[in-house]
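K.L.:
Top line first, the protein sequences correspond to chains A and B.
Here the working numbering is used: the first sequence runs in plain steps of one and ends on residue 249.
Here the working numbering is used: the second sequence runs in plain steps of one and ends on residue 356.
Quick caveat, the hints were computed from the structure, so don't treat them as lab data.
Don't take every hint at face value.
Stated by the list, open to error - Derived SDA-like pairs: lysine to any residue, alpha-carbon spacing no greater than 20 Å straight-line:
hint, chain 1, residue 1, chain 2, residue 2
1, B, K256, A, N90
2, A, K105, B, K100
3, B, K306, A, R21
4, A, K231, B, K106
5, B, K277, A, K105
6, B, K306, A, A221
7, B, K113, A, D156
8, B, K256, A, D232
9, B, K256, A, F91
10, B, K187, B, K113
11, B, K100, A, I138
12, B, K306, A, R88
13, B, K277, A, D156
14, A, K34, A, E9
15, B, K256, A, K105
16, B, K106, B, P65
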Amino acid sequence: MAAISDIGNEFIRQEIEEYIERPEERARTIATFAKARPEMQIIAAALIDGDNETVDRLTREALAAGIEALEVMDYGLIAGMGIVGIKFRQNFIFVPEVLACARAMKAGMAHIEPILSASGIDPLGKVIMGTVKGDLHDIGKNLCIMMLRGAGFEVIDLGVDTAPDRFIEAVEEHRAPLMGMSALLTTTMPNMGKTIEAFIDADLRDEIKIMVGGAPVTQEFADDMGADGYGKDALACVELAKSLLGVRAR
Amino acid sequence: MESRVDRVPVMNSRRRVLAALRREPVDRTPVCNPTSVATVELMDLVDAPFPEANRVPELMARLAATGYTELGFDSIMPVFTIIQESSALGCKIQWEQKDNWPTVKMREPIWHNVEDIRIPSDLLTHQDTRCVTEAIRILRQEFGDEVAIIGKTMGPWSLGYHCFGVEPFLLMSLDDPGKTKACLDRMKEVTIQFGLAQIEAGADALTLPDHATGDLVSGEYYARYLRDLHIEFAERLPVPLILHICGKTVDRMEYIAQTGMAAFHYDSKNDPTESMRIVHNRISLVGNINNPETLFSKGPEQVRREVYKNLDAGVQLVGPECAIPLQTTIENLKEIPKAVRDWHREKQ
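Let's have the full structure, built from the sequences with the hints guiding it.
P.N.:
In structure tokens form, the structure reads like this:
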């Protein structure tokens, strides 16, 4: 079993010591970073710091030095985002800081994605995400998308005010096995149930797993409307997506 | 707690609300929602549906009055949304139908920099701001001094979400605190101007929503960006102010209690007893009956339990935590004043 002293980067060690309390998460994070080479740990540290320019530069340098794109993504970007997600869930950081980290992740992924795409490496899974009809709020959905992408999922973002037909079209067009719906308003929450009914009417319900979330949504609402799962925050959304698709991190 | 309600002569609703906002003795705890009590059922009852009731003064006043005449609350709040001044500033609005709230299209921001912030000359004469001031005048004329009429003016942090977009505004707050403060400083004049116009029209108090919620930003953020501005609002707007912030806020209630505002409208994510302990009689609390899980989904018995929980904690004004879901039943809403009266009767 890896020990925290196996991680060379002092910043990463401090982050784990200070912010990761759950034993299983701590063990998993230590195991990941203990395997990560120093260059990857520095990328992860810059991402946790929300430094998009450094992530951009270091990612380019790592790829130029011959490090595999998949390794940079898994041991630099995704590993760093894993710590960000835990800090956010535990209220050590808030949305502005997460937005900065996601911006850094995006800066790195801009170099990684074309390489992975060209080499035919599949993402962890494909997820359709959208805020339901009548609702223009998207910060919660966007945080989920950032964390999903940060965990290695491909996400198709339908934006806000998404009609049931649009969800159906997207699922069919992208052949996605999973979709997530968000609502901030109590007035629009019932549109989640209506969207699920639309999938039943279209005879597509068995082909898609549906997760729901948003400030007024609860497990009870999710169960009542027939969703497959409910995530109470962005990190829970990632765990739910992995569970519903039966996938594990690479 | 009992000294607050003992031996106080019977008050009318307006005196009761204003006394509670000053943390003075009251004959019973007032029932108040400083955000919105509009529901579809009430719209049908008085033929004042959304979206028109947000844009036509007579309809706005008629629907707002039902909070007092039909539900038995001690206050009237004619501003059902958070979009009126943003519409006047030039934000695009999705007006929706009767069963949904109008919303600002925040993905189409109107400003990007400090220099972009311009308060239009028609801020107070635009249809959607004038609707509010006219509705307040109508209500004041109709109800005189009988019931508290509360206006609403949005704080600069919330205006920032509307006018810059949520993500750009939050990122700016991290990337460039100086620029963010300059933006807030310019936008605060909208809060002041619209607030003063409503006071002039007859508002007894103003709700000031400024959504620096714990679901988005830290308590330190509140202290850094908003505490001083909120102190300034309390000094410049000469009526009791009710700050409204949704979500988790216990980590910033200490700072909120320092602002000199009269009250804080707080969310059910915060425990009443813990919240009362933190604010420690420096600001009144208003709230915090849960909307989605209780008022919208459960029955009167659960509503009553939450009313009692707030009263037992000593909360000064009881009501829903935020704008109530439009499909909430009148039965559940009427249970709030009923439970308040029963609690006081039991305590005598």
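K.L.:
Run every hint past the structure and note whether it holds.
P.N.:
Evaluation of the provided hints:
1. Of the supplied pair hints, the one linking K256 (chain B) and N90 (chain A) holds, its CA atoms being roughly 11 Å apart against a limit of 20 Å.
2. With a CA separation close to 29 Å, the supplied pair K105 (chain A) and K100 (chain B) exceeds the 20 Å bound.
3. At most 20 Å may separate the alpha-carbon atoms for a hinted pair to count; K306 (chain B) and R21 (chain A) exceed this at roughly 35 Å.
4. In summary, the hint linking K231 (chain A) to K106 (chain B) is not supported, as the alpha carbons are separated by about 29 Å, beyond the 20 Å threshold.
5. Taken as a hint, the K277 (chain B) and K105 (chain A) pair is broken in the structure, with Cα atoms around 33 Å apart against an allowance of 20 Å.
6. Proximity of K306 (chain B) to A221 (chain A) is assessed by CA-CA distance (about 16 Å); at most 20 Å being required, the pair is judged to hold.
7. About 17 Å separates the Cα atoms of K113 (chain B) and D156 (chain A), which keeps this hinted pair within 20 Å; it holds.
8. A distance of roughly 14 Å separates the Cα atoms of K256 (chain B) and D232 (chain A); the hinted pair therefore holds under the 20 Å criterion.
9. At roughly 14 Å between alpha-carbon atoms, K256 (chain B) and F91 (chain A) fall within 20 Å of each other, so this suggested pair holds.
10. Straight-line distance between C-alpha atoms of K187 (chain B) and K113 (chain B) comes to about 23 Å, which puts the hinted pair past the 20 Å bound.
11. Using a Cα cut-off of 20 Å, the hinted pair K100 (chain B) and I138 (chain A) holds, with the two alpha carbons roughly 18 Å apart.
12. For a cut-off of 20 Å, the pair hint linking K306 (chain B) to R88 (chain A) is broken: about 29 Å separates their Cα positions.
13. Between K277 (chain B) and D156 (chain A) the alpha-carbon distance is near 29 Å, which puts this suggested pair outside the 20 Å criterion.
14. For the hint linking K34 (chain A) to E9 (chain A), the alpha-carbon distance of about 15 Å falls within 20 Å, and the restraint holds.
15. About 29 Å separates the Cα atoms of K256 (chain B) and K105 (chain A), which puts this hinted pair outside 20 Å; it is violated.
16. Between K106 (chain B) and P65 (chain B) the alpha-carbon distance is near 17 Å, which keeps this suggested pair within the 20 Å criterion.
Going through the hint list in order, the structure does not satisfy hints 2, 3, 4, 5, 10, 12, 13, 15.
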